[in-house]
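*Asks:* I would like the entire structure built from these sequences, with the hints used as guidance.
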Amino acid sequence: MRGDRVTDRPAFVLLEDGAWFPGTTTRPIDPAFGEVVFTTNLTGYQETFTDPSYLGQIVVMTAPMIGNYGVNVEDMESGHPQVTGVVVREMSRHPSNWRASRSLDDWLAEAGIPVLEGIDTRRLTRHLRERGAMRGVLAEGRQPGRELTAQLLASPSMEGLDLASRAGTRERTTEGDGPLVVAFDYGMKRTITRMLVQAGCRVTVVPAATSAPEVRALNPDGLFLSNGPGDPAAVEYALETLRDLAGGGLPTFGICLGHQLIGLAFGGSTAKLPYGHRGGNHPVRDVRTGQVLITTQNHGFAVVGDADGVPGAPGLEVSHLNLNDGTIEGVRHRELPLFAVQYHPEAAPGPHDAFPHFKEFMASLRQERAPLPQPLDRQHLSS
Amino acid sequence: MPKRTDLQTILLIGSGPIVIGQGAEFDYSGTQAVRALKEEGYRVVLVNSNPATIMTDPELADRTYIEPVTPEWVAKVIERERPDALLPTMGGQTALNVAMALQRDGTLERYGVELIGANERAIRLAEDREEFAQAMRRIGLATPQGRTVRSLDQALEAVEQTGYPAILRPSFTLGGTGGGIAYNLEEFETLVRRGLELSPVGSVLVERSIIGWKEFELEVMRDGADNVVIVCSIENLDPMGVHTGDSITVAPAMTLTDREYQTMRDASIRIIREIGVAAGGCNIQFAVDPATGEQLVIEMNPRVSRSSALASKATGFPIARIGTKVAVGYRLDELPNDITRVTPASFEPVLDYVVVKIPRFAFEKFPAADPTLTTQMKSVGEAMAIGRTFKEAFQKGLRGLEADRTGWLEGATPADDRLPGEDLATVLAALRTPTPERVFQIKRALRLGATVEAVAERSRIDPWFLHQMVDLLAAESAWRAIGPDGERVVGDDERRTLLRRMKRLGFSDRQLADLWSTEEGEIRVLRHRLGLRPAYKTVDTCAGEFPSSTPYLYSSYDEENEARAGGDRTIVILGSGPNRIGQGVEFDYCCVRAAMTFRELGYRTVMVNSNPETVSTDFDISDALYFEPLTLEDVLEIVHVEQPLGVVVQLGGQTPLRLARGLEREGVRILGTSPEAIDLAEDRGRFEAITRELGVAQPPNGIAFSVEEAVGVAARVGYPVLVRPSYVLGGRAMEIVYDDTSLRSYFGRAARVAPEHPVLIDSFLEDAFEADVDAIADGTRCVIGGVMQHIEDAGIHSGDSACVLPPYLITEPQVEEMRRYTRAFARRLGVVGLLNVQFAIKNGVVYVLEVNPRGSRTVPFVSKTTGVQLASLAAAIMAGATLDELGLHDDVIQPYVAVKEAVFPFNKLQGVDLILGPEMRSTGEVMGIADSFGMAFAKAQVSADGALPLEGAIFVTVNDHDKANVVPIVRRFHGLGFRVLATEGTARYLRARGVPAERVLKVHEGRPNAIDLLVSDRVQLLINTPLGKLSQQDDYAIRQAALQHRVPYTTTLSGASAASDAIIALRSRAGEVRPLQEWHALARETSPEWTS
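Chain order of the listed sequences is A and B. Numbering of the first sequence is given in the working numbering, commencing with residue 1126 and proceeding in unit increments. Numbering of the second sequence is given in the working numbering, commencing with residue 289 and proceeding in unit increments.
Source of the hints: derived by calculation from the structure; they are not laboratory data. Just to be clear, a hint being listed does not mean it is correct.
Computed from the model, here is a short list of chain B residues facing chain A with C-beta under 8 Å [as the list claims (entries may be wrong)]:
#, residue
1, ALA513
2, THR543
3, ARG676
4, ASP750
Covered stretches of chain B (in silico footprint by chain A; criterion: 3 or more residues with CB under 8 Å from a CB of chain A, positions within the stretch not fixed) [to be verified]:
#, region
5, 322-333
6, 638-648
7, 963-971
Quick caveat, the model's predicted, so the values are computed rather than measured. In this text, a Cβ means the ideal position worked out from N, Cα and C, and glycines have one as well.
*Replies:* Below is the structure:
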């Protein structure tokens, strides 16, 4: 029973700037290193922890009570938890929900994911907000020692890190029925695949490093670029492929990391945000309609630019803007059938306001295909 | 899409008096709306009959009409002010109903008034349950199966399909009035009849019961460009079957997965679009089957509500304010988030804390009422608490309730927890019936070894919440184990760890002390020695993601404290806590006035309060808001962090007053009247000495510490006597007793008497006039704010009596005497701030009943009448100003009349007799203002939902004592052309004195009898004075019939006499409406000396 347990082991989060935050762990843990980020999602911890975009990260939940509804077999965004560690204010060990199959804590324990509890998560969040997301370590003990600090400073930084190839699939899989979309998997959430299939596509998911000729050989009607972890600038191998395929006129849709790669492929640059956007309440304006979408976000990097455009990428126009900080949330190509969004229209977790993007993508596939006979179409694309 | 420029004048309708189901939350939203519109440069016209509100302060709106909130009277305002638009969504169901009526009768069209915020279609779709169900079907959403019926026969057909238990919901009533759960045919018939009667459109929805399903609410906001955001989700701890106003509720929702929450969110967006709330907020309720996750839509309110007020306080997103701005054309993304000021309002707040709201009930004042919680709301107020976890917020909420529980604590006896016994079987059985004490019964059950499953099965409360409670119980044992009598001895390190954990679980020092059988002070000393103090966190709408410049704070036992010391230009105002009978919105009014004044004077103003309904807990009323329970511990910690100049305790009613001594002992400076003076006025013996010293008469009285002593005192002072426990609020357990037998039975029934619980016994001055005086003093001088005469005779609680300002029957020398005495008391007690004195006048002698050196319930009424802002002036005085400096030179006398009338919850609490007595039972008040007493009284009656008839029949049945005095009154009614009906004794008496009265059969005398007449609308006014101590069944049945069939009634002769005055006024000319601003200008013309 939580209230009665006095066997909690002292533990802490140590950040690379030396700040540390005491808490407890109920299980022995080895030091776990990763980038410490916070997410403000109120619900959806299971989706968050299984989202491959969180690979290599220690996730601080600003919602203070986590685990309330346990975990279930459906709300998985990948096969297993992807996070390096979890930091919460209070872990709920007696879940209650008709779909719950077990408690969150047991599930994380089985996956070997360390959980720190009792942390002043608000203090930690405010610290990250002021100082930026940074490397950190979860470890046992009353306070950090010198050796651990040294280890932390020697651990890899997120900048320049290609995690996409690690997070994504290694083999090609196909599901659904309809026009063929080849989806580059940089750490793709299951819900995205599901949404594409629901929208009426046949989706072939391919590894991140798949080459343009390999893709072309599949005769796709469209291209999808997934979300994923790490620094987009480190995913250089993808850029040439994208320029080749999307630049060749293949209808293309990108989400999150996919959005950043499009920015880079068409001449723009990306930069690390001070502390990222992670949560399910980010207001985004559709520049064309003025409509505001409440979106789910999970990104530490962004395409550089503002309402006026993406410097270096004159072909791209900014289609969506973040209303909190004015950063670019979506781009569309001025001529090519290509668009991408920085946020997560598939939600999971989060609001469904941006679901229509999937239909939009479908429409772009049909538009391209309908007026032209297939061989001609392909010829046009590859020219 | 910027604001509309085609509108100049906007009419806002308030919700009228505070009643169960429609409380202070509409002062909060209305005040926000007025301020939001003013900011945009609109001319704002406001109608609200409730003087105890901030929104009716003449400085807020351009034109403030304290007039009845009825279609007829609002139409008069429209005619006079010619507004371009009407915003109907800020004044609860009352405002929506009035707006709908004005739309239907063509008034709005005639004067070219546009409904903004919600249109007629949206209001109708949301209210008419059948149309609503159809609308939901259109968008693919399910509602509980049900059928709207207009007769008992139809209802009986409907229940064949829905089965029992069946839920009954009358259409267009507020707070679920008249609704209920029927488990059998008999209950069903009763509820249907009542529902049909109470529904203004005569229809009731018979609905399939989904009792026990989980209940959720979403607060939704939409702008004119169709941007929609969800402001807050709320989960009810009490499942379906208990009105959400009576449920313990939690924000954000605790037990929904993202998938389920998003399904609900999607549904909400579809609903607000389908119902067509063009621009504004709405509240949508859902039920979720705990076994399958099936979701049903229960209802939707296209307006601000109690829940939206709660959601605003819970998230920092000011729904009424933003709702008003979008109603005049703004898009959400054009409006700033008022808390962060760097991000827009088009977002969804995220919480990094848990909010718990706990309702407060008043069943102790209505022993005859059924305390079972059903679909009809019965609570009178609520406390909200913020903690980092559910457990912390839950315990803070319970202690914030100020209902003698220092947290989640069982009562001293099983009866305190509404249990007939204390064995497990009894406790478990009780859990099936929701009552206010259920969470305490759960604690008993768990302590007795009940499993979570057993408790969940009976209470239908989600096991998640029950496990939280189990955690608390376990923590208690761990704490007890290291106490003085515990089995474990620990060092400071471990003690600190454990104490910190207990504090993080929300335990108060008092609770921890009780578990160790020690004093609160000892735990406080230990806690401070171990370096444990709360850290204050900010409510910032964004879980720390963005910087926030608004200090809206709550305590936790985390590490980082975000509060900063304000220093010696800081003044802390203690609010009045949850609303309850005897302590309502009027005290919040005083606190808010003071906050505004201190700010104007350049002080940093800090508000402390636990009531989410109020204006005072709006984060932009003060410079810093601490949303905290009003206990000594919580206040001391805030003082420690803020290091203020001082603390104001005299404006928030009893709540802060009873903290005064403790605060002073801990070295906190109390601003204004000293705690010593407060004690002097409250301590019976010391006060009596003062009255003797000042030569003021007091009714003969005494204090008794045992039953025998009480009998002795009564013999000495002479029957009848007024008896009450010492230090009571709102006349709790106060009774008039006529003989020894009744006195002895009083102790068995109503109050204990013991050495530590003395009772006060006063000679009761029968047939005396009573008067209230509100005054303000600066330590040397005292100015009278107003002298109010009670319309009802002595013996009726001052809060329940109608009163008139200025007095209409008390002679000028007596008024002068009361003024003189009031000044003498102010001087003798050293009052610095507000003062209220109650007098009785009998046979030419002025007696003092009590002196309260603090802001009183009538302060807002007096201020609204005279235009003199007593609470603001008191604040200035507490900050060091003198009356002379403030330009208040002389007593205030205005050349017109204002009447205050009380409003009662009798139609919400079935079975309660509506006779008035010394125990206060009203929930709210209204005011009528006019140039004559009759018209002012008439307006007040209309506002109190007791509109007087202009013709027809009066039915008179009075006790023997009143027979002689009723004759002239009845004669006046007869002279006005009313038919006079009376029961045999009264009829004979009247006829013998020349008043033609027709005899009516009593209930037991056959048919048709008195009740038949009332039921069939053949009586337009009932004059019934209770038959003394032997109040009879007949009598009771007659009053109940009048109540249920909405026949205006009066239970006092003075009320009847005033009613005749009012009817004369109403028949001689049409009622006029006039804004406060014009009345006050009139007052200034006649008394220029006090406004310089």
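*Asks:* Next, verify each hint and record whether it holds.
*Replies:* Tested hints:
1. ALA513: Status holds, d = 7 Å.
2. THR543: Because about 5 Å separates THR543 of chain B from the closest Cβ in chain A, which is inside the 8 Å limit, the hint holds.
3. ARG676: holds (5 Å)
4. ASP750: With Cβ-Cβ at 5 Å, under 8 Å, it holds.
5. 322-333: violated (count 0)
6. 638-648: Coverage by chain A holds for the region 638-648 of chain B (5 residues, Cβ < 8 Å).
7. 963-971: violated (count 0)
The structure shown violates the earlier hints numbered 5, 7.
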